[in-house]
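Peer 1: These two chains come separately, so use the hints to put the complex back together.
One-letter residues, chain by chain:
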Amino acid sequence: MGRFVARRLLHAVPVLLATTFLIYALVFVLPGDPIQGLAGDRPVPPSVLAELHRRYHLDDPLVVQYAKYLGGLITGDFGTTFRGQPVADVIAERWQVTVRLGLTAWFFEVVLGIALGVWAGLNKGRWADNVVLGATTLVIAVPVYIVGYLAQLVLGVRLGWFPVSGGDAGWPTAYLLPGLVLSSFGLAYVARLTRASLVENLRADFVRTADAKGLSRRRVVVRHTLRNSLIPVVTFLGVELGSLMAGAIVTEYIFNLPGIGQQVFQSIQLREGPTVVGITTALVLVFVLANLAVDVLYGLLDPRIRLD
Amino acid sequence: MHTPRHRPSHPARSLPALTAATALVLAVSACGGTASGGKNSADQGPGTPGGTYSVALTEPNHLTPGQTTDSYAIQVIQGLFDTPVTLDPKDGHVLPLAAASVDSGDQKVWTVKLRPDGTFHNGEKVTAQSFADAWNAAAYGPNGWESNYYFAQIEGYADLNPDQGQQPKAEKLSGLKVVDDTTLQVTLSAPFSQFPMMLAFTAFAPLPKAAFSDPKGFDAHPIGNGPFQMDGDWVHDQKIALKKSASYTGSRKAMADGVTFKIFTSKDTAFTELQAGNVDIMTTVPAARAPEAKRAFGDHYSVRPSGTMDYLGLPLWDPRFQNPELRRALSMAIDRPGVTQAIYNGVFKPADSVVAPMIPGHRDGACGEACTYDPAKAKALFDKAGGFTGPMELYFSNSDPTYEQWMTSVANQLKQNLGIQDITFKKMASADLGPILNKRQGTGPYRQNWVIDYPSMQNYLDGLYNPDNRMGWSSKQFDALLAEGNAAKDGKDGLAAYQKAEDLALREMPLIPLWNWQDQSAWSTNVGHVLIDPYVTGLHLDEVTVKH
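Taken in sequence, the protein lines are chains A and B.
Sequential numbering from 1 applies to the first sequence in UniProt numbering.
Sequential numbering from 1 applies to the second sequence in UniProt numbering.
Treat each hint with caution, since some may be false.
[Claimed, not checked] Sample of chain A residues lacking proximity to chain B, with all beta carbon distances greater than 12 Å (derived):
id: 1; residue: R8
id: 2; residue: Y66
id: 3; residue: L73
id: 4; residue: F108
id: 5; residue: S197
id: 6; residue: E200
id: 7; residue: A246
id: 8; residue: D295
id: 9; residue: V296
[Said to hold, decoys possible] With beta-carbon atoms standing in for the labels, derived distance ranges:
id: 10; chain 1: B; residue 1: S251; chain 2: A; residue 2: Y149; range: 42 to 48 Å
id: 11; chain 1: B; residue 1: D214; chain 2: A; residue 2: V15; range: 38 to 44 Å
id: 12; chain 1: A; residue 1: L159; chain 2: B; residue 2: R440; range: 53 to 59 Å
id: 13; chain 1: B; residue 1: V179; chain 2: A; residue 2: D59; range: 38 to 44 Å
id: 14; chain 1: B; residue 1: D468; chain 2: A; residue 2: L26; range: 48 to 54 Å
id: 15; chain 1: A; residue 1: G134; chain 2: B; residue 2: K547; range: 44 to 50 Å
id: 16; chain 1: B; residue 1: Q477; chain 2: A; residue 2: G84; range: 42 to 48 Å
id: 17; chain 1: A; residue 1: A6; chain 2: B; residue 2: K427; range: 48 to 54 Å
id: 18; chain 1: B; residue 1: F212; chain 2: A; residue 2: W161; range: 49 to 55 Å
id: 19; chain 1: A; residue 1: L112; chain 2: B; residue 2: F212; range: 32 to 38 Å
Just so you know, the hints here were simulated from the structure itself, not pulled from any lab data.
Glycine is no exception: its CB is placed at the ideal position from the N, C-alpha and C atoms.
Looking at chain B on its own, in the form it has when it is part of the complex (with noise of 0.2 Å):
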């Protein structure tokens, strides 16, 4: 039974169960940074426009933009909004999309230029209000919109979301100016390079006046600027139906004249209709499914990097943990490849750095020995440190059968390895584990994984090692050098300061990177160009085509 958990409205981090996976094979998909699909000659498939094909999917909790960071809504809100950029499905960068341009002098101060004849389906000119009205609103604390800290980095956020109890000092973000009608200058609280990035993301999509005279209407009804619109109104735990917008002038023209999600609860029922031919396509076939997938499916079966990293947080304000050699030794005895291999079938790829092998900027093997098994020198490491006194707690949440499987397996090979007799589980829902963590009150090593927003170094080393870390890790030295490479103008200076920052982590190692993971997406062949990027897209709708 799953999906509510998994799909508690933010999927992307919680969903483990549907991406988490067995599969038969070791990627079929282009390694690297390459997107699976789309690439070979099977994939080619029908190429005339027309026709209509659905795909499978998880209710998503809101379709306006900013209200939601679940991927089952961004899946259908990249399909009805252009952002100001996109990323390249190939290796990442930056492309633009409704913006001509993104560009800053100091990395501070961006200028985010519109294309000019952009408009939204009922007809509204799409203008830099347009951007800044619907990121002020996702910004303005009050309104509980979920995307609401993507926008931190703006001058202007704290007045908008004060602390307790307090009351906003705004209702806009000051960093916002909206220059003419296609010119919107965009002011930070500091210089981040990676901003560009972000623009991807679909709470940065710009928002028509109807978002806001009616957004319970909107939400059921989104009006967007992109190559699909709505075609009729979302019927709630049914169907969501697009139709090729007529309008659209952006450069993701549709091939397909329509695409119908069709919303499932269980992800096997999914995958049983798409075996009867009832489903197009499913992006995320559930990880018990996947042998079969791949003997039903063949050629129309695909497995792709994923960005998600599974990594065992550890609690410093803990004496016991105090000691970095400990916290290697620890590392070193857990062995990797015969974990991913038991539980995951080795589809999911033993981490050997911070960052995952399709984000720029990655080097193989940056965790060096700290990252590869080696129980004697452990062993060795672990006695050097002090070795460890009391029980120790795992902590992981029940949201997926295979993380106790892989929790046993580690804490045996603690057990064999350094010689830790007393290990106990804390398994407990995920609306529980959040809180204990986030307030620091864990007495052990914690399982939890990180999902992308966008692929950049960045996002991992802030996202992980912050100053509000939850490990309670703080050096003065990684956050200069993640600043040093938010400020720098050329891209080269800002890996090489990110990849700087990234060996202190691993070399302090406040949590210990375990594997990558990887997702897999199975078609009929009634429909071809199934292109599945691992960056922010997922499934580009606007390719796909369809026999007819």
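If we strip away everything but chain A, and leave its shape as in the complex, we get (with noise of 0.2 Å):
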């Protein structure tokens, strides 16, 4: 187990390199010069344009930016935003905000999603059934900004059940609509998920013979066929849980919340390089971790899997 740990994040390193390098070059190949567009219709002095140009490396040519960058990461230095912010105080302030906001859509997928797969697949077509199923498909249908302003507008303006956005009322008061809106997606999926999987495994060979055995339908199901039915549904929010911080920028500019995604998104449109390539080296690292700890649950749901 250890040495497949350490394996893994060994694996971690040119996966790395290789995200910072591409990112990097994607922001920095782009034609037309971040200095300028930051200044509009003005000219800038070529004495202010210069300096700046030095100050962010952007007269070098790729590559040696890109290992001056490198050089700077190694000293622990992300680099600067143009307004003159570290990028890791940057990433430090809005962490937070964007993993609090992860975790509470992520709970809420892994429990609304998994009960509702569950409820569905016991009652396999009856009602129950087709109402989870019908839900599902809408709400995977509907962009998420959509589903983002309606709930923005009916349950924060018109009812004021919660508040419209912003992070002021704290966790997890703050957070709870945005969650919902950001889990949306995955809630339904993992709720499909949990339902096809449980509703193959319950026609199996061993939960029969486990009926046979005539133990309780409750450990039936919980021990035997759920616990067989989780394998994809834990792939997929393991993965999700990435995929949540990094898709939190639509939600997170909905609902105001000074989080990472917000950050990504200012920092792609005034083509901040270092910037983004921070931000994406931290979330290629929580891509990473995830991963591993699904590999590492495999085993303790399904202890065939062997790891090494």
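Peer 2: Written as structure tokens, this is what we have:
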């Protein structure tokens, strides 16, 4: 197990290098001058332009820029934003908002998603099943920003059940509605996945055997069927944790939560290479760790799956 | 999705989305140079001092005056700092603020006399040195401060901003001389009659010593000399809280005890919060929400004129655009009222001159026939000028969807009215468009807008047609007229020279004026005396009263 984890972490190094270089290249190879873009119509005096180019290494060739960036990274310097804030500070400030939002959404997906899936699966073909299938189809079909604006207008403004926006109210109040919106797609997906997997396993031989042995229904469902059915769900939920962190862009924008997603959105528009790359690196790390956790969980759910 | 782009640190310039507008109403505001708000009875509201209110804002880039030209930053900074002068919200004329007077005998050497009792929020005295330090820092190229170019007219600027690859010869502007604590002498490199007007811009605010000993800390917690002071640090992307300054001795004493700027990434979310009653004032209601705002806020909604003008710049280095008759033909083939009605619901105003109606010196119809839609005359002029060969490429940035909409109508009008068949679009990010235009690499007409820095004809004329202009247009006569206006002792003589220069530019038409923007605001019943002026100040934070 220890060797497995160590090996997987080593794998992450080339993944990180490749991703950061790719993102860096994508941001920096784009035509145009981000500094000029900042200034809009106004010509920037050459002396100021030269200084800002020097400060953000904009005149160097791509490889040199990237090498300088990596060099900074090793010494713990993530670069600075065009506003002069260290990127590390920006990530540190905003990270907690996104993690809170992501975990809230993830919690909804795990609890509500699995519960709905089990409910539907155990009632296959009956009205409960149809309700869940219908509702989840709808949610999957509607883009998240529409769900977001609707939820904000109806639940936030009209009914006043939730704060309309912002992190002022703190966790959990301010995060419930955005969390639910952010989780909507994944929640529907988890419910359907759980249902499908459960329905299939309920027909399996080992379940019939367990039933025939006279085990209680509860024990058959929870210990024998659900445990096996959850393997694809856990895979999804693991990767989903990473996606939620990265996918918070729209939700954070609508609900004005100052998290990583909002920052990525702004930084891409400003072509702030160091900020985009810094945040992406952090996100890749989250993905790598989430995947690792998923693989370790496999072993716990099904001892036949060997890690080494 | 808007904003960063809408907030590239020069929102004033690239912010179209928020102010670009579609509203139902034609001007609720008073016409001409009068600022809206403040005047109608509905605005009077509660009149007692005290209470706090909130304003929706987009995250500024800096709060140190010289480091920013961002309109959101300016909104906060004007509450924290008193600039030497301010501009009358009614007609834009200069009023003293931190200075008691700004005078010159020859328009070249200016004497700024300060009020003796000014202090910063930390107790430090505001002296001539506080101004000199701030201006020198902004003018010093290697500092990379955004307002750098505002100081270009002061003597010695070139020594602080050498050409690429060279070291600055000096760290301080030779044209700034601290005579005594309350007297600052400013020498310009050429006579410039509009100089006092520039001093209303926030970049000319004074800075205390702390701004230089701890620049980062200062940017998060600026210490100013204005009616409000910081109430805690700037919480990035969340809020900036100000409270009334007890030590303030100036003329803008605050009515409310405090104001909180709530920072939003999305204007739509901010507007939703305004509707829900969680925000009191929004000075730039998003375009698409304007009809809704009008309905929901009634008396508490206003449209005010803006000095911003959209125009089509023409690449004069391309031989096909060299004939002024052809340029006028293009202008006359564009149906300005039609476009402003269709795309901007009649809120934007067709331009009939270079300068907006709110600017002293504006003349209705200065552009005359050349800015009037007349397809038949346009076609005749076009043919006489020899027509146009090859494809025509239209450049615009993607920062606002309405740009593409009206560019499409303009393209159709040019096709129909002039018979230019092959028209293609070059739509790109503003970060890409800027360099193309600066290097004069565009191969066709391009969309730009001019946002004023101060309400003077000179600001339009110099900004749009200066010798480095992007159109590649040059006219000795124009430059001479501009210089004549700049050197004029008497305001009237100055205006006359500027108007002659404007006429010349319109006759030659290196750029085609299209329309002037208008901005829309809405506020809750919780606040009164909401005065938003179209010049430099924006929302007058000090005058707002609160029901409490």
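Peer 1: So, for every hint listed, does it hold in this structure?
Peer 2: Here's how the hints hold up against the structure:
no.: 1; hint: R8; result: holds, 35 Å
no.: 2; hint: Y66; result: holds, 20 Å
no.: 3; hint: L73; result: holds, 22 Å
no.: 4; hint: F108; result: holds, 22 Å
no.: 5; hint: S197; result: holds, 37 Å
no.: 6; hint: E200; result: holds, 41 Å
no.: 7; hint: A246; result: holds, 16 Å
no.: 8; hint: D295; result: holds, 36 Å
no.: 9; hint: V296; result: holds, 36 Å
no.: 10; hint: B:S251 <-> A:Y149: 42 to 48 Å; result: holds, 44 Å
no.: 11; hint: B:D214 <-> A:V15: 38 to 44 Å; result: holds, 40 Å
no.: 12; hint: A:L159 <-> B:R440: 53 to 59 Å; result: holds, 57 Å
no.: 13; hint: B:V179 <-> A:D59: 38 to 44 Å; result: holds, 42 Å
no.: 14; hint: B:D468 <-> A:L26: 48 to 54 Å; result: violated, 33 Å
no.: 15; hint: A:G134 <-> B:K547: 44 to 50 Å; result: holds, 48 Å
no.: 16; hint: B:Q477 <-> A:G84: 42 to 48 Å; result: holds, 44 Å
no.: 17; hint: A:A6 <-> B:K427: 48 to 54 Å; result: holds, 50 Å
no.: 18; hint: B:F212 <-> A:W161: 49 to 55 Å; result: holds, 50 Å
no.: 19; hint: A:L112 <-> B:F212: 32 to 38 Å; result: violated, 55 Å
Checked against the numbered hints above, the structure violates hints 14, 19; every other hint is satisfied.
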